[in-house]
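Visitor: In the order they appear, the protein sequences are chains A and B. For the first sequence, this note's numbering assigns the number 1 to the initial residue and increments by one for each residue that follows. For the second sequence, this note's numbering assigns the number 1 to the initial residue and increments by one for each residue that follows.
These are calculated hints, taken from the structure and not from any lab test. Even glycine gets a Cβ: it sits at the ideal position worked out from N, Cα and C. Just so you know, not all the hints are guaranteed correct.
Unchecked claim - In silico SDA-like links for lysine to any residue, alpha-carbon gap of 25 angstroms or less:
{"hint": "1", "chain 1": "B", "residue 1": "99", "chain 2": "A", "residue 2": "43"}
{"hint": "2", "chain 1": "B", "residue 1": "140", "chain 2": "B", "residue 2": "154"}
{"hint": "3", "chain 1": "A", "residue 1": "43", "chain 2": "B", "residue 2": "13"}
What the hints assert, rightly or not - Among chain A residues calculated to face chain B with C-beta under 8 angstroms, some are:
{"hint": "4", "residue": "28"}
{"hint": "5", "residue": "41"}
{"hint": "6", "residue": "50"}
{"hint": "7", "residue": "160"}
{"hint": "8", "residue": "161"}
There are 2 protein chains.
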Amino acid sequence: MSLLPKALENAIEALGQLPGVGPRSAERYAYYLLKNDSYKTNKLIDAFSTLHKGVKLCPVTFVLIDSNCDVSPLYTNPGRDKSVIAVVSDPFDVIAIEKTGLFKGTYHVLGGLISPIDGVTPDDLKISELVSRIKSDGVKELILAMNASVEGETTSLYLQQQLEDQKVIISRLARGLSVGVDLEYADHISLGRALTGRQKM
Amino acid sequence: MSLLPKALENAIEALGQLPGVGPRSAERYAYYLLKNDSYKTNKLIDAFSTLHKGVKLCPVTFVLIDSNCDVSPLYTNPGRDKSVIAVVSDPFDVIAIEKTGLFKGTYHVLGGLISPIDGVTPDDLKISELVSRIKSDGVKELILAMNASVEGETTSLYLQQQLEDQKVIISRLARGLSVGVDLEYADHISLGRALTGRQKM
Chain A
1 MSLLPKALEN
11 AIEALGQLPG
21 VGPRSAERYA
31 YYLLKNDSYK
41 TNKLIDAFST
51 LHKGVKLCPV
61 TFVLIDSNCD
71 VSPLYTNPGR
81 DKSVIAVVSD
91 PFDVIAIEKT
101 GLFKGTYHVL
111 GGLISPIDGV
121 TPDDLKISEL
131 VSRIKSDGVK
141 ELILAMNASV
151 EGETTSLYLQ
161 QQLEDQKVII
171 SRLARGLSVG
181 VDLEYADHIS
191 LGRALTGRQK
201 M
Chain B
1 MSLLPKALEN
11 AIEALGQLPG
21 VGPRSAERYA
31 YYLLKNDSYK
41 TNKLIDAFST
51 LHKGVKLCPV
61 TFVLIDSNCD
71 VSPLYTNPGR
81 DKSVIAVVSD
91 PFDVIAIEKT
101 GLFKGTYHVL
111 GGLISPIDGV
121 TPDDLKISEL
131 VSRIKSDGVK
141 ELILAMNASV
151 EGETTSLYLQ
161 QQLEDQKVII
171 SRLARGLSVG
181 VDLEYADHIS
191 LGRALTGRQK
201 M
């Protein structure tokens, strides 16, 4: 005999699908929703009902856009320089870069990083679309803005090789010390990168 | 201008209501649901739609039961001893005690613990219902199975005072060393309790 009501078990199971949510967290979330009035639960139901219908990928830059947009406003905006593209792996990376307020070019979301262990090959990424954008938009510089991980480095290297014969400057985000980090406590790899990539003052 | 599609923002906001879910986790959950096909999202919608309708409180023991049950099966089951009640604060505490397999009595869920700081007074708890159960069920022993927290101790003390004139044995869960804990690493309060509550061999 099950100790919990079926409806509560279903909610716990459904919440347990979310990434990083274990059975105890799922129990906590489900019980929280149950304890509160149904307003919070209905808000989740409403949001989830429109989630897939309300969001699509921009056909040019592959950032997430409203379904009723044709192309990302970050691309169509005349203030953005189409000759510079920041290449990122995931849509939320765009938000991170936008928050710096220092980038006025456009974006290209690959939709992941090359990772043989997870079964992600170059064919799964929007690389051919990037190559055709280089021609059609007259791109002068590509900034490879990947994570500083093995997968990020692999993808950067792969792109570099693929784009060798294109007349385009390829740069990547600087590696070095994070702002505010004590030299003493910096990890030795970042410190090494900061040394080899030292900047003239 | 918002950087994210409205539908995705709504989902992030709704998920951010859950306890302990910050904006980054909410983003991660929402993006996970969006990346996967709508099956997972629909499963959540279905589970949430029936959550409130499918669950109710048992009118006697206040554990969570299926809406189509009258009384908790843990109470109606003839194998359970109605003269012993374990008093717990939350419905999930029942699950924890059931998992030990060592308790054959019935339960009474108070629905919280006395906590002036959170505005929870004795009137918010199912205490009068407990008192009437003591008479109607001919209860001989109450086991106060609260958390080992300030609120748990407060609630235990309050119940003890309220039930002074009832002819019922009041016991509480033993405090002491957790199984598997090294004496050296035990916190000094638990070790103190283990000393004062030492058991004859």
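Visitor: All hints, please: hold or fail.
Guide: Status of each hint after checking the structure:
1. The suggested pairing of residue 99 of chain B with residue 43 of chain A is violated, with an alpha-carbon distance near 34 angstroms, which exceeds 25 angstroms.
2. Between residue 140 of chain B and residue 154 of chain B, the direct Cα distance comes to roughly 23 angstroms. Compliance with the 25 angstroms bound is thereby established for this hinted pair.
3. A hinted pair counts as satisfied when its Cα atoms are at most 25 angstroms apart, and residue 43 of chain A with residue 13 of chain B qualifies at roughly 9 angstroms.
4. With a cut of 8 angstroms, the hint placing residue 28 of chain A at the interface with chain B holds, because the nearest CB-to-CB distance is about 6 angstroms.
5. Here the hint on residue 41 of chain A is kept, as its CB sits about 5 angstroms from the closest CB of chain B, short of 8 angstroms.
6. Interface restraint check: residue 50 of chain A against chain B, minimum CB-CB distance 5 angstroms, threshold 8 angstroms, status holds.
7. For residue 160 of chain A, the interface hint is violated, since its Cβ never comes within 8 angstroms of a Cβ in chain B; the closest pair sits about 27 angstroms apart.
8. The interface hint given for residue 161 of chain A is violated, since its Cβ lies 27 angstroms from the closest Cβ of chain B, which is over the 8 angstroms cut-off.
Hint check: violations occur at hints 1, 7, 8; the rest are consistent with the structure.
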